[in-house]
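Number of protein chains: 2
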Amino acid sequence: MNKQQLIDIIKARKSFLCVGLDTDTKKIPAHLLSEEDPIFAFNKAIIDATADYCVAYKPNLAFYECDGLKGYEAYEKTIAYLKENYPNHFIIADAKRGDIGNTSSMYARSFFEEQDVHALTVAPYMGEDSVKPFLAYEGKWVILLALTSNKGSLDFQLMEDKETGERLFEKVLRRSQEWGNDENMMYVVGATRGQLFEDIRKIVPSHFLLVPGVGAQGGSLSEVCKYGITKECGLIVNSSRAIIYADTTENFAAVAREKAREVQEEMAAELVKYGIL
Amino acid sequence: MNKQQLIDIIKARKSFLCVGLDTDTKKIPAHLLSEEDPIFAFNKAIIDATADYCVAYKPNLAFYECDGLKGYEAYEKTIAYLKENYPNHFIIADAKRGDIGNTSSMYARSFFEEQDVHALTVAPYMGEDSVKPFLAYEGKWVILLALTSNKGSLDFQLMEDKETGERLFEKVLRRSQEWGNDENMMYVVGATRGQLFEDIRKIVPSHFLLVPGVGAQGGSLSEVCKYGITKECGLIVNSSRAIIYADTTENFAAVAREKAREVQEEMAAELVKYGIL
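Heads up: the protein sequence lines correspond to chains B and P, in order.
Throughout the first sequence, residue numbering follows our numbering, covering 18 to 294 in sequence.
Throughout the second sequence, residue numbering follows our numbering, covering 18 to 294 in sequence.
You may find that some hints are simply not true.
No copy is singled out in the list; a pair is fine if it fits within one copy or between any two copies.
[What the hints assert, rightly or not] Here are the computed lysine-lysine pairs in the PhoX-like style, where the Cα-Cα straight-line distance is at most 25 Å: (1) Lys290 - Lys43; (2) Lys248 - Lys28; (3) Lys149 - Lys243; (4) Lys31 - Lys87; (5) Lys248 - Lys94; (6) Lys87 - Lys100; (7) Lys248 - Lys87; (8) Lys94 - Lys290; (9) Lys94 - Lys219.
The hints are simulated quantities; they were obtained by calculation from the structure and are not laboratory data.
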């Protein structure tokens, strides 16, 4: 999926919501545990319930890997289900990979050839040759960690460069533009970052940002838009727990749908407010 | 496996070699491709051939994930085979994981409960809460990326802090000691780093370092020892391609054994030279 296609589905669906499929067998409704594949059954129900109101799905690999082979199978079935039934939804594998060049090439083969997802989150610590192999695929996206939403982000990401005064996350943003562009790279910027979005937009004025941290982690959608929205939207805002675990009864899918609809309505209002719709 | 047990097997085997199981179906001997599980068949043969001369095995997850379910199965079988037949070898899952706290907990469950490997490589970019969940397991190890062996390591890891002059990799070393200690943390330091090992040993004088980059990537064992060895050895030096792909005929395992033996001999000499044996 290219940038224009992504913008088109955002406008058509009046939403820039990504639903995070952080599916944990310890948190899904109990009645699903008797299903043959409880994780996939949950995902399928959540996807069918929320697809009208979101533009992207983001399974986090950690939640699948921890169930071993069974989890991996549920993950593959989820991707296949999305690709077959929702070809106009953007699929992000949230795996935060990154290794030396020849090894990143193997990860790229895995995510962009075998699984054929649209985008992969990548960790920047190992630099250029750890990121570039992912950029060799037409129509695929690297979503590079820049300024994350968690407390630990303060440990290293705000470190200032002795010579330039540039902070580490800014260096990641600037340097990585030598490797890719706004047609094949996005950045992870936590919703809890408020005004730092302004600094980020100075360096990447036209890139899409993947924004986690609205909802369970306490970020505010209107703040994120105030500082981060562009004339093409330029934002994909993720919500996981606040939508998928909003209810744990047999009614969970309908409640998830309602939560997604509420977020979509807020998003539509923001899109109108900033002249995108 | 705790630190003393690791030191004991290093002394007993006169080796601090780790064999990297970066098993690529495109590179293994052709005759293995007719086996039911070529990846596992290759790993089993390499392990049986080299076990006398090494103290650790390190499968890199990228090489397994790229074959999907089949690859994941081969990985699990390899770990099970090691645990059953070589309980005195240290098993490192090279996966370079790291995510927000609740997600890192899921990865920890996966590697340290389900798979039950001894150690996992972890990426530091997301800071404390992305690393700490891995440290909650008795007898398990986090191997944190500090200064890697690849060219891209120059992009961010050497950045100097405006206030303290400390470089990013030094900050990672120092800060992470608030989270763990030399009984549950090691660091990845590339063999191509020569004298920087001296700076590293000032910050982590007693931690084990996992050193990739000897062999195919051009690092030298004697240089690594000169600057990095401690009185407890304190080094696990990895070699992947130079051992496992030294030969691609039906004789591959015997040649891999010979290559491992050569490295082990060099290592034994270094251990004697520095008074560890």
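We went through each hint and held it up to the structure:
Neither within a single protomer nor between protomers do Lys290 and Lys43 lie at most 25 Å apart by alpha-carbon distance, with minima of 40 Å and 54 Å respectively. Taking the closest pair of Cα atoms, Lys248 and Lys28 come within 25 Å of each other only inside a single copy of the chain (12 Å); across copies the shortest separation is 64 Å, beyond that limit. Proximity of Lys149 to Lys243 under the C-alpha cut-off of 25 Å is found in neither arrangement, the shortest distances being 32 Å within a copy and 34 Å between copies. For a Cα distance limit of 25 Å, the shortest separation of Lys31 from Lys87 qualifies neither inside one copy, at 36 Å, nor across copies, at 40 Å.
Taking the closest pair of Cα atoms, Lys248 and Lys94 never come within 25 Å of each other, the shortest separation being 36 Å inside a single copy and 51 Å across copies. Taking the shortest alpha-carbon separations for Lys87 and Lys100, both the intra-copy value of 20 Å and the inter-copy value of 21 Å come in at or below 25 Å. In the homo-oligomer, the alpha carbons of Lys248 and Lys87 never lie at most 25 Å apart, since the shortest distance is 43 Å inside one protomer and 45 Å across protomers. Taking the shortest alpha-carbon separations for Lys94 and Lys290, neither the intra-copy value of 38 Å nor the inter-copy value of 56 Å comes in at or below 25 Å.
For a Cα distance limit of 25 Å, the shortest separation of Lys94 from Lys219 qualifies neither inside one copy, at 40 Å, nor across copies, at 50 Å.
Checked against the numbered hints given earlier, this structure breaks hints 1, 3, 4, 5, 7, 8, 9; the rest are met.
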